[in-house]
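Asks: Since the structure of chain A is already known, use the hints to place chains B and C on it.
Protein chains in written order, with my numbering: chain A, 12 to 164; chain B, 12 to 164; chain C, 12 to 164.
Do not take every clue at face value.
No copy is singled out in the list; a pair is fine if it fits within one copy or between any two copies.
[Claimed, not checked] Simulated crosslink set (DSSO-like; lysine-lysine; CA at most 27 Å straight-line):
(1) K39 <-> K157
(2) K135 <-> K97
(3) K67 <-> K135
(4) K55 <-> K67
(5) K97 <-> K67
(6) K135 <-> K55
FYI, nobody ran anything at the bench for these hints, they're computed from the structure.
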Amino acid sequence: MTIILFSGEMDKALAALSLATTAASMGKRVTLFFTFWGINAIRKPGPASGRGWMRKLLARMNRGGSENLPLSRFNMLGLGRWMMSKILRESRVASVGESLRLATEMGVRLVACTMSMGVMGIGKEDLIPEVEDFEGAASYLGEASKSGINLFI
Amino acid sequence: MTIILFSGEMDKALAALSLATTAASMGKRVTLFFTFWGINAIRKPGPASGRGWMRKLLARMNRGGSENLPLSRFNMLGLGRWMMSKILRESRVASVGESLRLATEMGVRLVACTMSMGVMGIGKEDLIPEVEDFEGAASYLGEASKSGINLFI
Amino acid sequence: MTIILFSGEMDKALAALSLATTAASMGKRVTLFFTFWGINAIRKPGPASGRGWMRKLLARMNRGGSENLPLSRFNMLGLGRWMMSKILRESRVASVGESLRLATEMGVRLVACTMSMGVMGIGKEDLIPEVEDFEGAASYLGEASKSGINLFI
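If we strip away everything but chain A, and leave its shape as in the complex, we get (with noise of 0.2 Å):
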């Protein structure tokens, strides 16, 4: 299976890491493309190392860290993510940043598109130690063909 995470919420990224632990429990062997604002849930907190005033800007805008991803609705300032965030924790669903780590324990393979790295400014150093691939679009193309579910998120 492969799931490309374009959006940066999370509530999608909980989506996409809790359809991919779930395949790897059952066998199958997953990856997941992070690309555009679906890298901020790889990040680590904190701006990126981008250069140029506009890139820094956005850095500045769009901030990384999988505790700081906003919720895709009534985030409301980031009240919603909180109160989503405690609800979540009351019912036992792991937060992004636990179902990263469990994912990479269950060899869920975790890649970074190369190109949104180079357009929003983001370095390897920016991201958590978790990712160790960096690839293009010819990469997942090729992976997908080979697999037998690939969704978009």
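Replies: Frame of chain A; chains B and C shown alone:
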């Protein structure tokens, strides 16, 4: 074919249902999984029965019912939805509620995600009677690996 | 490979086109279906020719043209789009308009969804000349069931 409807918007629900009913009319076996905000499309109107003040607050904001889904763009506090509904009716496109009934009549399987229901405090009694199956991610993945077309909407 | 572009945002259109052109360069047969807001990416700039005051109002708000697509995040009334376009140009990433021309040159089939065109009051004369095919959901499903990779963006 399997479709995960994650989004809670009218336009995306219509896209999912229009693909599902067309596929069913072509003789394909179709399963529609409703998860996260997508569950709003199969909720009865009115607040969900969740416990705890946070779930109650979420239930109040996150209105269910196929007639209450916002547009993903130009919703304008409901004015856009109202206009789009009128335009769709003029164009003889079935509404979300009508499409759900049509889909079940055509044999499309409607499945509600049990994890999302738990997190959002939505019980079986909060869902429309057309939904008869309640399953998790493992069950979706089993079905998707046997399907030729798998979409995440 | 088939891709449904449902979303009308620049970043999502670029993701779809970048996957489509890369796949075509690898020798794959690719079809891009533009539906709902996604049709904006293949519209000529300016309002659509729809009839009735509601369609006219929708056409005025829902601006078409590949250069007018907003960002899905940080659009900031167009400032974010302007900045992202500049960053993309600096990074030598082709714009949506350029990618559409490149895609057709590489043999990617661009298809406009006839139902969406009807609903939104968009005629063939409102679309760029690169779009030569006008089809419905059944035609998409026929193609998707023969494809190894099917994405909904």
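Asks: Should K55 paired with K67 be assigned to within, between, both, or neither, using CA atoms and 27 Å as the limit?
Replies: For K55 and K67, the Cα distance is within 27 Å only inside one copy (16 Å; across copies 33 Å).
Asks: Since the copies are identical, ignore which copy is meant and state whether K135 and K55 lie within 27 Å (CA to CA) inside a copy, between copies, both or neither.
Replies: Intra 10 Å, inter 39 Å, cutoff 27 Å: intra-copy only.
Asks: Within a copy, between copies, both or neither: where do K135 and K97 come within 27 Å Cα-Cα?
Replies: Close across copies (23 Å), not inside one copy (31 Å); limit 27 Å.
Asks: Go through the copies and call it for K97 and K67: within, between, both or neither, with a Cα cutoff of 27 Å.
Replies: between (32 Å within a copy, 14 Å between copies)
Asks: Treating 27 Å as the Cα threshold, decide for K39 and K157: within, between, both or neither.
Replies: Both ways: K39 and K157 sit 12 Å apart in one copy and 13 Å across, limit 27 Å.
Asks: For the identical chains here, do K67 and K135 meet the 27 Å Cα criterion within one copy, between copies, both, or neither?
Replies: within (17 Å within a copy, 42 Å between copies)
This entry satisfies every hint, going by the numbered hints stated previously.
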